[in-house]
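Q: The chain contents come next:
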Amino acid sequence: MMDMQTLYLLVPLAPLAGAILAGLFGKQIGRAGAHIVTILGVAVAFALSVVIYQDVAAGNTFNGTVYTWMQAGGINFEVGFQIDSLTVMMMLVVTFVSLMVHIYTIGYMSEDPGYQRFFSYISLFTFSMLMLVMSNNFLQLFFGWEAVGLVSYLLIGFWYERPTAIYANMKAFLVNRVGDFGFLLGIGLIVAYTGSLNYQEVFAKAQELSVTEMAVTGWPLLTAICICLFIGAMGKSAQVPLHVWLPDSMEGPTPISALIHAATMVTAGIFMVARMSPLFELSDTALSFVLVIGATTALFMGFLGIVQNDIKRVVAYSTLSQLGYMTVALGVSAYSAAVFHLMTHAFFKALLFLGAGSVIIGMHHDQDMRNMGGLRKYMPITWITSLLGSLALIGFPFFSGFYSKDSIIEAVHASTIPGSSYALFCVLLGVFVTAFYSFRMYFLVFHGEERFGKAHEHHDHHGDHDDEEPSADHHHGLAPGQKPHESPWVVTLPLVLLAVPSVLIGFFTIDPMLFGEWFKGVIFVGDNHVGLKELAANYHGPVAMAIHGLQTAPFWLAMGGVAVAWFFYMKRPDIPAAIQRTFKPIHSLLENKYFFDRFNEIFFAGGARALGTGLWKAGDQGLIDGVAVNGSARLVGWVAQMSRLFQTGHLYQYAFMMIIGVFILLTYWFNRG
Amino acid sequence: MTDIPLLSLAIWVPILGGLLVLATGSDRNAPLARMLAFAVAVAGFVVTIPLYTGFDTTTSAMQFVELTSWVPRFNINYHLGVDGLSVLFVLLNAFITILVVMAGWQVIQDKVAQYMAAFLIMSGLMNGIFSALDGVLFYVFFEASLIPLYLIIGIWGGANRVYAAIKFFLYTLLGSLLMLIALLYLFMQSGGSFSILDWHQLPLPIEPQILIFLAFLIAFGVKVPMWPVHTWLPDAHVEAPTGGSVVLAAIALKLGAYGFLRFSLPIVPDAAHQLAPLVITLSLIAVVYIGFVALVQADMKKLVAYSSISHMGFVTLGFFMFNPLGVEGALVQMISHGFVSGAMFLCIGVLYDRMHSRQIADYGGVVNTMPKFAAFFMLFTMANSGLPATSGFVGEFMVVLGAVQYNFWIGFVAATTLILGAAYSLWMYKRVVFGKIANKHVAELEDINGREFAFLAILAACVLAMGLYPFPFTEVMHASVNELLRHVAVSKL
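Protein sequences, first through last, are from chains S and U. Take the first sequence: its position 231, counted from the start at 1, is 232 in the numbering used here, and no numbers get skipped. Take the second sequence: its position 267, counted from the start at 1, is 324 in the numbering used here, and no numbers get skipped.
A portion of the hints provided could be inaccurate.
Which residues of chain S face chain U? A partial, calculated answer using Cβ under 10 Å [stated by the list, open to error]:
no., residue
1, Phe204
2, Lys206
3, Ala207
4, Ile665
Per the computed footprint, the stretches of chain S lying under chain U, defined by three or more beta-carbons under 8 Å from a beta-carbon of chain U, are [to be verified]:
no., stretch
5, 93-101
6, 158-165
Derived DSSO-like pairs (lysine-lysine); straight-line CA-CA distance at most 30 Å [to be verified]:
no., chain 1, residue 1, chain 2, residue 2
7, S, Lys455, S, Lys484
8, S, Lys594, U, Lys429
9, S, Lys455, U, Lys429
10, U, Lys549, S, Lys28
11, S, Lys455, U, Lys487
12, S, Lys594, S, Lys618
13, U, Lys168, S, Lys28
14, U, Lys549, U, Lys487
15, U, Lys493, U, Lys549
16, U, Lys487, U, Lys497
17, S, Lys594, U, Lys497
18, U, Lys487, S, Lys618
Worth flagging that the hints you see were computed from the coordinates, not collected in a lab. A virtual CB, placed ideally from N, CA and C, is assigned to each residue, including glycine.
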């Protein structure tokens, strides 16, 4: 049997090797070579993750250094792994979804000239994400954190000729950097007060930190640390107000929307806070902050999903809203529920995205739902798997999403920390909203009148990007009379393989993950917090929970959402338009996404440019160069000018000057005596 | 320790080699001059390698010391030596010289021998600055190094080169005259010694300490350059040929920063402590103010020049945190900035050689015609915005950690570079490289050739190596930095 430590190392290195081969030698190994090496790399990582999972399940964990990156100021900067139940769960999710996406990409990107480059990027992403989740210290966490951001940047801008794509990728990177700014300060505070970057060493001092005040500001230290770290999570996991980059990230190819912007990268913030539970548990202020931000995201981003017409954007807003649910769970100390929802969501949201991608292929790269309808006849596998994904998303009993979402709602219900009643309102109403926008999309795409192939009614789905040139390419749509078709097997196979866990994983894993011993010693819940304790007392197995679920408010809210969606979009399609007319201000508010983008564009982007120009023109050119530098140069020049009057080059004038000089000197000399 | 005078070789091989190149004469012999210059540059780098491999990381004492009397009457000595603060810069300088020779290979067709010789001689002089332990020797090298750079800008520069060259020269001369006064004062006070190491031990009352500190601050601050004496740099960069910009950014800016470590902190520690808030404020202004100014530049070279000033703000900030993370972080930042800014200017040079424009607006969609170049440029742009796993991250990360340790709010302001640096770097990259092909000139661009690939690949390897494993770099510094901090903590009053 191979040494476990070698296995740990191989998990991230296998995808990295694939990425390097496909990236640097893409031309030599060709298209098939590129997808073979990268899929092989990720498959190896997945297989090894399964082996490691069995090892962890058998009770073996690991925490150790791979190499010392640097030493300075008495602090060890290391690269190292912490392998425990939380890590291995993330490893399984990341490698499995990544493998599915790799396979799917063969079909989705088959005609793209950047084929090898794309495979290289997604394998590089898998490597970065694995480094992030396997880390045992803050340095490597930050490494992975920024590295996934880089790959996300590269992939959103993958179609670099599209103005919207290269606008979106820069926006994503910069907004994430705002989050990272907080994250870095949080790490800085940890280093300043504990002298260590290692998780376990820092956790050991958590109690001490919680009673310390910060030197200059006098703030409670641990609260400051937790809020700073959480600001990083707000960037990465797209929480209000740093959520603005995620909807725009849909400019990237669909496989990465599934992998990066739904299943894995955006959940890094959730994972991080769960990992830091020993710190967050000691600051109720930070937890309340987390709770309120999460609840706001969960509800208000859900509303935006209702008015979208681009199929990918609906799923994107749904992702924002579900990330809000996870954050809410963190806020009420139900870390394991957050991570549980992270896992179920990874499967069903990847499924929904890949399903949307399959629809987009079928529609010849038309993403506007108003041009779809009745697709179930033409794309049966996509249809059934999308239905299963939607049911999981709305939390239908027995589906995976039911177990995770219901647990979160119950935990919020039981919680008493400030903000929990607001959060309860948000997550309950959110259930209705989720069901409504999900089935609005479902009905618009798969049921009803076939609206495709009518070129004259082609809606420009990029209408919400008035400030950008509409991109002409990549949005062909179906020609009149043309019918959509089911996607090739490399596309549908991942759909089927993802549908299985989307339906079943909750049922089979809720026992160990939420109420068992799986996260024991990894996730920490303080005695003063309810967390999932109340829930555990009333828990009698997954079947009983699902049956009980049929009688609770969330279920009926979800059913209500589905029913209203059916009524509005199948029975009486005239109603939505009427509502839109009646409540025009509200619709316009939603259409403009609460004006966040407009505000950022004017205030931050415009403000920075104006400030930069002002400092440059007034400061550098005006004051420093204009007054100080050139002013003194002019002064010198003036003095030189004056003295030049005396240097005419005529000998007689010099002689005359000399005579005057001598005369003055003599006068002075005689008068002195 | 060997008896070979390695530091003298590091100084004189390039200088004498440069004179030899000069002797090849007119441009008829240009191919010979190029080959010879390349050979000298490589030889100049090779002789510095034993400085690293033979370096004793356990001691803070000067190593590879050479001491010969030079002007006995004034007790001026030819006194050389390096420690953990300086040794890496000798290597960096010798290394960058090779790349500069490669970068000027085709572009420079006029006065080739003189061009190459100027760079080689400058390289030797700069090694002299980093290894001089005698005040006068330091001063001579410091001043002499101005001349080749002045000539490079003035002869091979752009349209407005004379204004830029004179502005550069006068700015730095003003600073160094004040330094000369300070050096003479120290000579008097120390009872007739020009030894920098003697001055480290010299007790001084607070008033002269402050005056000396201010004189050094202006002298070195101009070189760094620190806000508000930075305006010569963008002009100098814009007018300088690519090689000139590379040396200016990669090495010349380090001279001032190095001066703080060798002179200001150890000679007048009490003044350094008292005036630290001043330097910290100026550094933070450099980071933030210059960051915003960089954002709105329309000229790529100016943008990178401003970005350099902003990054150097991190260096001076790190020094005055008076903690190991800050000082070592600043040193790492200096080395990294040598690689990254050098690479950025080389990338701009690659574009300029083809398009004869530095205006961002003249570009767009370069990736379509120059994919290999775009990949390298991406890496360096990311390094410039401090992405982990590149060298640009290491120093910034350490300085921010050091700053938070020192005072949360200073760390807070410094950390804004994370946003600003990314904003100006990526925005430029987006406008130049991404998008559709903007015009017919971009459509005709040819991707990098083998020579360009070589120097960009070498720098890429350096940037990544330092980002993935900075241990060998910081290991060299520990002993000297700790000794410096211990020394600075002791009052001289």
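Q: Look at each hint and say if it fits the structure.
A: A quick look at each hint next to the structure:
no., hint, verdict
1, Phe204, "violated (19 Å)"
2, Lys206, "violated (16 Å)"
3, Ala207, "violated (18 Å)"
4, Ile665, "violated (31 Å)"
5, 93-101, "violated (count 0)"
6, 158-165, "holds (count 4)"
7, S/Lys455 - S/Lys484, "holds (11 Å)"
8, S/Lys594 - U/Lys429, "violated (39 Å)"
9, S/Lys455 - U/Lys429, "violated (42 Å)"
10, U/Lys549 - S/Lys28, "violated (65 Å)"
11, S/Lys455 - U/Lys487, "violated (36 Å)"
12, S/Lys594 - S/Lys618, "violated (35 Å)"
13, U/Lys168 - S/Lys28, "violated (41 Å)"
14, U/Lys549 - U/Lys487, "violated (53 Å)"
15, U/Lys493 - U/Lys549, "violated (63 Å)"
16, U/Lys487 - U/Lys497, "holds (19 Å)"
17, S/Lys594 - U/Lys497, "violated (39 Å)"
18, U/Lys487 - S/Lys618, "holds (24 Å)"
Of the numbered hints given earlier, the model fails hints 1, 2, 3, 4, 5, 8, 9, 10, 11, 12, 13, 14, 15, 17; all others are met.
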